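Taking this note's numbering, the leading residue of the sequence shown gets 1, the next gets one more, and so forth.
The hints are simulated quantities; they were obtained by calculation from the structure and are not laboratory data. Treat the numbers as computed from the prediction; the structure is a model and nothing was measured. The beta-carbon is built from N, C-alpha and C at its ideal position, and this holds for glycine as well. All clues stand as given, with none of them false.
Think about it this way: if two alpha-carbon atoms lie no more than 20 Å apart in a straight line, the pair counts; the simulated SDA-like pairs of lysine to any residue are: (1) Lys446 with Leu431; (2) Lys446 with His493; (3) Lys359 with Ala119.
Listed next, with one range per pair, are the computed distances between beta-carbon atoms: (4) Leu547 with His375: 58 to 66 Å; (5) Gly188 with Arg11: 53 to 61 Å; (6) Ala157 with Ala345: 47 to 55 Å.
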Amino acid sequence: MQQWLARSFSRRVGTARTSSKRFGTAEGHFYTASGFADVLAGCDPQPTSPEQLTGRHIQAFVDHCEGRHGQSNSVKRLRTLLREDPELPDAARQALLNVRVKGPEIERPGAYPDTDWQAITTAARRDVRLARERIESGRRLLARWRAGDPALSLHQAEVGSLLDTFDRTGDLPRIPSGGHTAAVVRAGGFRVLAARLCLTRSEATAFCLLLTGLTQENFGTVAAWPAAHFRPGGAREDDGIVLIEEVKPRRGPEREHMIAALEDLPADLADLFAASAEEHRLMLSPLRLYQLLLSLSELPRRHGRSSAAFASLYLGSGKTGSFWGSGTDASDVRAWARSHGFPAARNVVLGGPPAVDVKRIRQTALERRRHPVAHSRRTLNDLYLKGSRTVQADSRRVVGAALRQEVAKARAVQAVPVFTSDFVAQAQQDLAGAAAQVGLEPQSLKELIGAQRDTATVGCVDHLASPVAEAGRPCPASFLDCLSCGNARALPHQLPIQLAVRDGILQRRPNLDPALWRARFRDPLQQLEEIIEHYTDAELGKARADLTDDHQHLVDDLLDGRLDLR
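Using the sequences and the hints, build the whole thing.
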């Protein structure tokens, strides 16, 4: 059994085509295999070969982990270790896959409030600006010394000579005992001189924090970016985009390599964001920030023989000394935060400066842009946005606004005024009085009663006064929309068609997509029901008897959309 577990462990971590690329992951698999071996050793009878494993042994391991810290992770690791093992019996494999252990509730880090976000990004931007000014100043002095500028003072010439030595060799002049020469000491020492041409570890961390916020990538992924990049096929140098190959091992061997596109801020967006100034545009552009990083880290990359974008000089002291380095990690973030007055998470006080958390930085960027990066839209919604208090509050506002809009639309839909048989009889006796009663011109009421202003289902007071067209132009709306128009009037002679339209809508409901039926017919059906409620059963029966084939053809054309196409 030990040999089989060793083979399983080797198959999981010993090849290039596995997702276990880090020592910590391999160590976790090893301890899981050891724990499983201990459980098997305590079984009665004890299995002596993998062929003897059953679901009972898998359950014994689950019971062994019950109530322990990391129970869910232990079961998941065992599943990862053995699920594709060719020597594991199918019954045991199925039992392993069927195990469901509820994991601990994981609370996603919330986004930073605006004030905290500004505090962190302002500190990082300040570091970037100071690094750029310092290194560009050192390069200008070096260029003047190499050009033999006679205007240089003795001190400047001495510093220029030392910078030239450092640029060519990566070190400064030393005495036989190993210490630096007096000239180096007079110029401020190794740390001061080296920093005039090199990006420091702390400044590289500031770059990484800013790029994480701009690209929404994981901090560790950004920290491992290479200096090598390329442009899309045929692109010019000024096309404002470069492509970088990045690696995310947790995605597995088939999907771990990805291409990240870094784009410049377009000119029109720069104007929109008031970022027309070069300095402001730099801090909003992932491409420009990346190019500045490559420029400032050129010397550490050259002498450190590194291909990483985040090449820097670690200015240590004591036994550690200074050395060339690449990348940046969690310890660098903690050191950067401490040096800028940001407390550790456990020491944060209400109203004080925030703790610097790279996960919260990415969460903030994702919540602000709400566009998936290196993951699917579903992952963005379910994992990053669903539990966010900010997103929940925004969602409530959006849903509330939509509901209020629908209520307003429902209230705006006017019930069609119905002219009953009694009113029509009154109008035939006293047209002027009846017209004044309903607020119409006598001629308009006469034409309505005489069916001269009929649309498909109702009469129209004035088709040249449409709410959806300019005054004086014929109404272009669908005849079904007449039922929700303020110009509509319902009269008794239209009741046969109104009944037929209602029946036709109900007949089509089982045969249409529910969403399509609701969008096209729900409101007209409700308005027809309100009209029909004004009539007695006798009037409804007579209207059904008066329905003709021409009426039915008109109804079919209306509901099938043929009238809208004319």
